[in-house]
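Trainee: Chain by chain, the residues run as shown.
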Amino acid sequence: MTAALRLQGVSKSFGGLKVIDDVGFEVPVGSRTALIGPNGAGKSTVFNLVSGVYPIDAGRIEVLGQDITHHSITDRVRLGIARSFQNIRLMPHLSTLENVMLGEHHRSHALQWVSGAKATARAREALEAAGLGTYPGQVVADLPYGIQKRIEVVRALMAQPRVLLLDEPAAGLNEVETAELRRLLEQVSATGITLVVVEHDMPFVRELCNHVVVLNFGRKIFEGTPEAVHRDPAVLEAYLGTPGETGPGEGGSA
Amino acid sequence: MSGYLSGLIALLAINVIVAYSVFVPAAAGLLNLGAAGFVLVGAYTAGGLTALLEWPLPVAVACGALMAGAVAFAIAFPILRTRGIYMVLATFAFAEVVAGVLLNIPALGGAAGLTVMDYAGLPVVLPTAAAVVIFVAWLMRTRFGLSVRALHDDESVAHLFGVNLRMTQVAALTIGGAIGGLGGAMLVHQFNFIDVQGTGVLFSIYVLLYVLMGGTQTVWGPLVGAIFFTLVPEGLRRLSETSPSLAFLEEGRYMVFGVAVVLLMMWRPQGLVTRTMLERLFHRVPVAPATTETRP
Chain H
1 MTAALRLQGV
11 SKSFGGLKVI
21 DDVGFEVPVG
31 SRTALIGPNG
41 AGKSTVFNLV
51 SGVYPIDAGR
61 IEVLGQDITH
71 HSITDRVRLG
81 IARSFQNIRL
91 MPHLSTLENV
101 MLGEHHRSHA
111 LQWVSGAKAT
121 ARAREALEAA
131 GLGTYPGQVV
141 ADLPYGIQKR
151 IEVVRALMAQ
161 PRVLLLDEPA
171 AGLNEVETAE
181 LRRLLEQVSA
191 TGITLVVVEH
201 DMPFVRELCN
211 HVVVLNFGRK
221 IFEGTPEAVH
231 RDPAVLEAYL
241 GTPGETGPGE
251 GGSA
Chain E
1 MSGYLSGLIA
11 LLAINVIVAY
21 SVFVPAAAGL
31 LNLGAAGFVL
41 VGAYTAGGLT
51 ALLEWPLPVA
61 VACGALMAGA
71 VAFAIAFPIL
81 RTRGIYMVLA
91 TFAFAEVVAG
101 VLLNIPALGG
111 AAGLTVMDYA
121 GLPVVLPTAA
131 AVVIFVAWLM
141 RTRFGLSVRA
151 LHDDESVAHL
161 FGVNLRMTQV
171 AALTIGGAIG
181 GLGGAMLVHQ
191 FNFIDVQGTG
201 VLFSIYVLLY
211 VLMGGTQTVW
221 GPLVGAIFFT
231 LVPEGLRRLS
241 ETSPSLAFLE
251 EGRYMVFGVA
261 VVLLMMWRPQ
271 GLVTRTMLER
281 LFHRVPVAPA
291 TTETRP
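Chains as they are written, first to last, in the numbering used here: chain H, 1 to 254; chain E, 1 to 296.
Bound conformation, chain H alone (with noise of 0.2 Å):
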C-alpha cells in the first residue's frame, strides 16, 4: 500500500544546528496520525519541510506515492497538502469568509469574484460545518482565539487537501473547544483525508489518533500505536529522563 507521506532518511541543517536528523517514517493512507516529541524535537521543521517552506538536505519526501522532494510549494498544495500553523496565522484584516476562501485559492482564476455566489456559498458551508457559521463577515483579528484557532482548520481544509497537517490544533483551547475539535477532525477523517497532527495535549492523542510517530532531538525514536507509545522505554527516557538520574528533564508530556 502506498503511504500518504513517507520521509526516506530526510534531514535539515540550519547553519550548524542539526534539526532532523536522517528522520523517516510512513503515515498509512487515511489514518489520523500524531507526530509527537518535547519541545524542540524538530515537529514542526518536519511540517515546514513537507510543506516546502524549506528545502531539505538530504532525503526524500512522498506524497501518496509520489516523490515532491524537489516540487515547488504551489505545486505542493495542488497534490493536496495543506496545513495549520502552531500560532495563528489567519491573515488578521481579511474577514472569516475571505480567510476561508484563501484556501481553495490554487484552483480559481484570478478575475473570479471573491463574493461570487459559489464560492461565498462553499465558504460558508465550510465554515458551517466546523460549526463556526455566525461569523463569515467579520474581521478575524477582532475574534476570540479559539475560534481563530478553528478558521485556521477550516481554511487548510478548502484547499481539498489529501494530506492535513495540524501544528498544535487543540493548543490553548478549552475543554469545549477541544472536544468541538476532535469531532471536526473526526469528521475530516471520515471523508478519507488522512491527518497529521503535533500535538502536546495526550488525552486529545490518545482520543483522535491511531497511529503514533515520536521525535527527540531531530530523530526518530518511535513509530507504532497509541497504546505501545507509553509502554517504549526510549519514549519514556525522552519524555522523563533515565530513572535515577537528574539529567535535563524534559518537563513531561504536559
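The set of hints was computed from the structure by calculation and includes no laboratory data. It is possible that some hints are incorrect.
Covered, in the sense of this in silico footprint (three residues per stretch, anywhere, with C-beta under 8 Å from a C-beta of chain E), are these stretches of chain H [said to hold, decoys possible]:
| id | stretch |
| --- | --- |
| 1 | 33-46 |
| 2 | 69-80 |
| 3 | 83-94 |
| 4 | 98-106 |
| 5 | 132-141 |
Pulled a few chain E residues facing chain H out of the computed Cβ check, cut under 10 Å [unchecked claim]:
| id | residue |
| --- | --- |
| 6 | S6 |
| 7 | G145 |
| 8 | L272 |
| 9 | T274 |
Here are some chain H residues pointing at chain E (derived, C-beta under 10 Å) [what the hints assert, rightly or not]:
| id | residue |
| --- | --- |
| 10 | S51 |
| 11 | G52 |
| 12 | V53 |
| 13 | R155 |
| 14 | A156 |
| 15 | M158 |
| 16 | A159 |
Note that the Cβ used here is the ideal one computed from N, Cα and C, for glycine as well.
Given the coordinates of chain H, work out where chain E should sit on it, guided by the hints.
Mentor: For chain E alone, coordinates are given in the frame of chain H:
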C-alpha cells in the same frame, strides 16, 4: 460653478486618481514613494502626443497610462528585489531618474516644462476619477484582490495556499503605475502645463500620505485620505481670510497640517478608515466577545 470651485474639485479628482495608483501596490504591502515618476511618465507621454503630434486627447491619455504601466512593469522586477525601507528608497530613486531624463529632453520642454493646448475639464477628470475608484473597488473584490490583501498580511502563508507572490506583486505595481500615468495625463491637460519641479518628491510624499493616513485596509481609505488632505489645507486657507485673528493660518496652515499628520500617526497608525470600522458602521456586527482573551 466658480472657477475656484471647479479647479479645486478637478485637483481633488486628480489627487484621488494618483492616490489609488499608490494604493494598489500598498494594499499588497509594497510602499511606493515614486508616485511622481509614474505621473510624469503619463503626463509627458500624453502631453507630448497631443502637443507635438496632435493626437486626439483620449488616445493620448490611454497611451500615457499604458506607457506608465509598461515602465512600472519593467522596473517592478529590480524593485521587488528590495524590501521595506529599501523599496521606498528604490521607488524614490526611480522618480528622480524619470525627472532627470525628462529634464534633458529639449523636445519636451526640458526644465521650462511642457505646455499643451488640449484641455481636460471637470467633465473629463471627474468621471475618470470615479471610474478609477470603481475599477479598484472591483479589482479588490476579485481573487486577484484577495491575494493582494493576503500578501499584505502574511506573504509566506499566502504562498503556502498557492498565491503566486511574484506575479501578484508585479501586477499590483503595474496596475498602480498605469493608474498613476492616467493621473498624470489628466494633470497635464487640466493645467495645460507640466514641469518636473512641480511634480517632485513632495508630491510623492503627499500622495503616500493620502494613502497611509486614509488607510490601506479598505478600498475607501485613499479616497478619504485624498479628500481630507486636499480639502483641509484649502479650508484652513479660506478660514484665514475670514478674520484677521485667523490670518496666521495663511502661513501657519502647513504647521497645522503637519501636526494633524503626527497626531494621526500616533492615534490611528492604521489609517482613518479601517475594515472593522466599516463592518461596525454598515453591517451592525456585534462587538466580538472576549477579544481580551486573544493570546499570542
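Trainee: Hints first: check each against the structure and report whether it holds.
Mentor: Checked hints:
1. 33-46: As far as the stretch 33-46 of chain H goes, the hint is violated, because 0 residues have Cβ atoms under 8 Å from chain E.
2. 69-80: holds (count 4)
3. 83-94: holds (count 8)
4. 98-106: holds (count 6)
5. 132-141: holds (count 4)
6. S6: 36 Å, violated
7. G145: Nearest chain H Cβ about 7 Å off; hint holds.
8. L272: Nearest chain H Cβ about 15 Å off; hint violated.
9. T274: Result: holds, 8 Å to nearest chain H Cβ.
10. S51: Holds, about 6 Å.
11. G52: Since the shortest Cβ distance to chain E is 8 Å, the answer is holds.
12. V53: Interface hint status for H/V53: holds (7 Å vs cutoff 10 Å).
13. R155: 8 Å, holds
14. A156: 9 Å, holds
15. M158: 9 Å, holds
16. A159: This interface hint holds because 6 Å falls under the 10 Å limit.
In this structure, the hints that do not hold are numbers 1, 6 and 8, in rising order.
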